[in-house]
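Work out the full structure, taking the sequences as your base and the hints as a guide.
As you go down the protein sequences, you meet chains A, B and C in turn.
What the first sequence shows, in numbering that gives the first Met the number 0, is residues 0 to 132, in sequence order.
What the second sequence shows, in numbering that gives the first Met the number 0, is residues 0 to 164, in sequence order.
What the third sequence shows, in numbering that gives the first Met the number 0, is residues 0 to 643, in sequence order.
Just so you know, the hints here were simulated from the structure itself, not pulled from any lab data.
All C-beta atoms, glycine included, are put in the ideal place defined by N, C-alpha and C.
A portion of the hints provided could be inaccurate.
What the hints assert, rightly or not - These stretches of chain B come out as covered by chain C in the derived footprint (C-beta under 8 Å, 3 or more residues):
#1 19 to 30
#2 33 to 39
#3 51 to 60
#4 70 to 78
As the list claims (entries may be wrong) - Here are the simulated DSSO-like pairs of lysine-lysine, each with C-alpha atoms no more than 27 Å apart in a straight line:
#5 A/Lys109 with A/Lys23
#6 C/Lys349 with A/Lys109
#7 C/Lys111 with A/Lys77
The primary structure of each chain is shown beneath.
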Amino acid sequence: MLARRFMSHILIVDDSQTIRRMVKASLAPLGVEFIEASSGLEAIERLAVGSIQLMVLDLNMPDMHGLEVLGFVRANQKFQQLPILVLTTRDDAASRTAAMQAGATAYLTKPFTPQTLLGEARGLLERTVEGTR
Amino acid sequence: MTTDNYILFTVAGTSYALPSQDVAHVEMVDQVTRVPNAPAFVDGVVFSRGQVVPAINMRARFGFERAALDVSSRLLVVQSKGRSVGLLVDSCREFMNVPQSSIHPPGEALSGLSAQYVDGMASVGNRLIVVLSLERLLGSTEHAVATRPREQASGEGHGYTETRN
Amino acid sequence: MTDFLDNFLDDYFAEAEEHLAVIRRALLTLEHSVGQRRIDGGVLEELFRSFHSLKGIAGMVDHRETEALAHELESYLRALREGDVILTTGGMDLLIKGAGALEASIAARRAKGPARDTGVVVEEIQSLITRDGTSQPAAKPESRGRGNWLCTFTPSPALIARGVNVDVVRSRLREIGEIITAAPMVNAQGSVAFQFEVSAAVSDELIERWQPDGLHFTPIAPGGAPGARAGADDRSGSILSSGHYVRVDLARLDELMRMIGNLVILRSRLTDTLARSERHMPPGQYREVQDDAEAIERELRELREGVMRIRLVPVGEIFRRMPFVVRDLARDSGRSVNVVLSGQDTKIDKFLVERMMDPVLHLVRNAVSHGIETPVERGAAGKPPAATIRLSASASGETVVIEIADDGRGIDVDKVTARAKQAGLPVPSGTIDAVALLELISAPGFSTRDASDRVSGRGFGMNVVRETLQELGGTMQVETHPGEGTRFIIELPLTLAIAAAMLARVGDQIFAVPQAAVREVAEFEAASIRAMQGAEVVEFRGAPLPVVRLSTALNVAPSDATRFHAFIIGSGAAAVGLLVDRIVGHREIVVRTTADPLIRVEGVSGATDLGDGRAVLILDAGAIARQARDRHGRRGLTVVRGIA
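Following this line, the structure appears as C-alpha cells:
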C-alpha cells in the first residue's frame, strides 16, 4: 500500500564538475533526479538527509577519500542495502579490491562510456527494486 | 516647464505610460506559476530577483482577451507602498520624457475598464498615450480582492484552465 | 561518443584552468622546499590531487597527450609524497616545465591546433623518478602541514617572569596560523591551563622550541581545513571534543530540526485535543493544562532557535580562499594587491556560507580586474603601488554585514552609463546615484562574460550576485568615489527559513508540501475511492479515511490517473488524505512567503525556487486538511483571507 515507486534519486559524488555533468548526461535516460556532492562530507550529508537509491562515488576527493566514505556509509545500518557504484580514474590497480572490500557494489573506471555507465546503473537500480518487493 | 520620465508599454494595441520611478525593473517572462483561487486577473506568481511577486495580466485587468506570452511580452515590476507587483504587458520598449503641460485630463471619450485607472492623456507627436495611476491600479486590486463575489472565487472566474508554461 | 564529448569540452577547459591555477600557486610555494627533507605535505597533496583530477577529466574527453603527462607528473608527486624521491632543483625545474607543457597542450586543444607532443617531458620525468629515487628514504617528508592542533599552555610564575604569558602565546599562535577556539580549563593536576584549537603549520622543530615555554601540541586532524575532517575522524559519532567545544555534523543538526518539527506537530495536535475536551474539564484544570501547552510552545520556539544557532559557522570560511584568488589574478594582470581580512569570526548560517562563496568571489575578482590600477597608474595618482582589498564582516542584531572594499579607481559612472546604453538597457535620465548605478551594473545583460568570469568558465555576473542575495533575503549597496575606491556592502540575515519538502504533481503543476506536515505517504487505486456522506473516502488501515483531491481544492485540471499518491495529514479521527497524481521527489527548499494580498490564498503558504528560476507553490497542507474537515462535502477552497 505504501508508495514505493517514488522517483529515484541518484547521488553523484565527484569533485569534478565536468565529471558530474557527464555522469548526469549519461544517466539522463533513466529519468531520475540527480543530487550532487563535490566532497565526501557533502556526500554523507546528502545521504543522511535525503532518500537516495543509488550513489555514484569517486575515490579521490579533497576532504575524505572515497574509501572512507564507503566505510562510514556501510557502518550505518540504514545504508547497508544502498547500491554504490565506484567510478574512479583508471590504473589504481589495488583500489578495485579495496573498494569492493569496503562495500562498493560495482566498480567502473574513468574514462567511461555513457553506455557502460547507463547499463551498470540501470542494473543496480533494477536489482534494488526487485530486492524490496 | 517640468517634464517627467515615463515607461511606455502596450496592452491590446493601446500605449500606456507609468512614471519610471514607480517601475523597479522590466524583465522578459516565459512562465507564470498559477496560484489557485487568486483573483481572475492574476495569472499567478513569478520569481523576480529572488522575490515572489504576483503577476497581474493587464489584458484581463482591462477586460480584453488574454494572449499567449511571446518574445515581446514583458513583466513590469512596480513598487508602491512597500508592495512589489508584476504587470504582464504585451510589450515594453520605450522611455519617454513627457512635459507635464502635454498631459490632459482623460475626458469623456475614454471608456472601458481601464478608464478608472487613468491619470490623463498625453499626446506626444502624433501619438496618444494613456497615463496610468499606479496607486489606483493597485488600490483597485486590493478592493477587488476584498469584495470579490463568491462565484468568481469558486472557479468560474478562471475562464482558463491552461497553465502558461 | 564524440558528440557526447563535445558537449563537455567547455567544462573541461574551464576546470582544467582551475587546476592549472592551483598547480601554478603550489609550485611557487614548493620552490622554497627544494633540497629539503621536510616538504609541506599540504602543498604536495594539493599538487598531487590537481594532477590526478586533470588526468581524470583529460581521459574523459579523450585528450591523450594531457592525460599521459598528468599521469607522469602525478607519479612523480606520489614518489615525492611517499618520500621515495627527494625534491631536487632539477626536479623542481622539470615540474615547472611539465606544468607549462600541460598548459600548452590544453591551450593547443582549445585552439583546435595540432596536438602538442608531450612524450619528451614524459620520458624526462620517468628518468628523473629513477635518478632521484633514494634506496633508503632517511626520513619521510614532513606530513604535518597546516593541520588542526590542540595546543595546551600551562602558565607558571617562572614563565611569566620570563615574559611568557597567555597573551604572548596567543599572538605566537596567530603568527603561525589561525586560532579556532580558545578556552581556559583545569587540568588533571588541578591547575589552570589554556587550550587553543589552532589550524596552523606546526613543525617538529617548533614543538621542541616552544616546549620549555609550557606549550604542548597534540594533532587533532592531520591536514585539511578546520572542520573538514570531522566525519572522517570519528566515524561513530562525528563529534569531536576539544576543551569546551564540540564539533557536530550538519546532518545531525538536520536530524534534530526534524525532531523538533515533529514536536511542533505533536504540540498542535495537543491543542486540538484540548479544545475538544474543554467542556468535559473543570475550568481551572483546563486553564492549567492550556497554560502548560503554551509554555511548551514557547520552549519549542526557543529550542528551534537554539538549534538554528548551532548551524552558524565563521564567515571566515568565505574569506579563506580570497587571498589566493587575488594573488593569482594580481600576478596575471600585473597588479600588486594586499588582502586585509577582518571579522572572520563573525558567525553565519552554514547554508549562507556556501551560497555566498561565489558572489564574494565575483566581487573580489571584479575589484582586481576592474577596480585596481596598475602600479604605474597608482604612482601617478600619488597612491602606494600596492593596492588594498579589505574584506570585513560584522554582526549587527539579526543580520551580518559583509564588506568588500578596494582603494582603486572607483566605478566610472559615465563608462557604465555608456555601456548600459550600448547594451540597450534603460538608463534613467538625470544624475546617476549609487542606487541607480548598482541597478545598472546588476542588470542582466550588462556584464557579458568578462575576463575574470572566463577564468572560472562561469558566466557569473553582477546580476547573479544580486539575485543570489535576494534569494537569500539579503541586500547590497555600493559606495564609490573616483580615484579613491569602491565598497560593496552586503547585508544578510543570520539564518534562513529552510524546510524539507516533498514535491508532488497535480495535473500539470508541481507543488511543494513541507514534510513536517505529512504524517505518512500512501498510494491508492482510483477505483478504491468511494463516496460516503457527501465526502470521498478510502479504506486505510481498516478504517475509512476522508480524502481530498488536490486537483479539486486547487482548481487544477484533473488527470485521468488510475492511481494516486496521498499525503496523510493528522491522525486518528482527524486524519485526512490529500490526493496528488504523483509524488516526484523531496528536497530542502528555501521558503519565501507570498506576502502580497493578491496571492495570499488559503492553502498556499509560500513559494520556492527549485533552481530553474520558476516559482513552485508551497502548500499549507494543514490548512487544506482542516478546510476539508470543516466543510464536509463542499467542493473547493473558497475563502480568501481578507485584507485588514
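Taking the hints in turn, this is what the structure says about them:
Closer than 8 Å: that is the beta-carbon criterion, and the region 19 to 30 of chain B has 5 residues meeting it against chain C, so the requirement of 3 holds. Only residues whose beta carbon comes within less than 8 Å of a beta carbon in chain C count, and the region 33 to 39 of chain B has 6; three or more means the coverage holds. Given as covered by chain C, the region 51 to 60 of chain B passes the check, having 4 residues with a CB less than 8 Å from a CB of that chain where 3 are the minimum. Counting residues of the region 70 to 78 of chain B whose beta carbon lies closer than 8 Å to any beta carbon of chain C gives 0, which falls below the threshold of three, so the coverage claim is violated.
About 15 Å separates the Cα atoms of A/Lys109 and A/Lys23, which keeps this hinted pair within 27 Å; it holds. Between C/Lys349 and A/Lys109 the CA atoms are separated by roughly 33 Å; this puts the pair beyond 27 Å, and the hint is violated. For the proposed pair C/Lys111 and A/Lys77, the alpha carbon gap of about 49 Å is over 27 Å, so the pair is violated.
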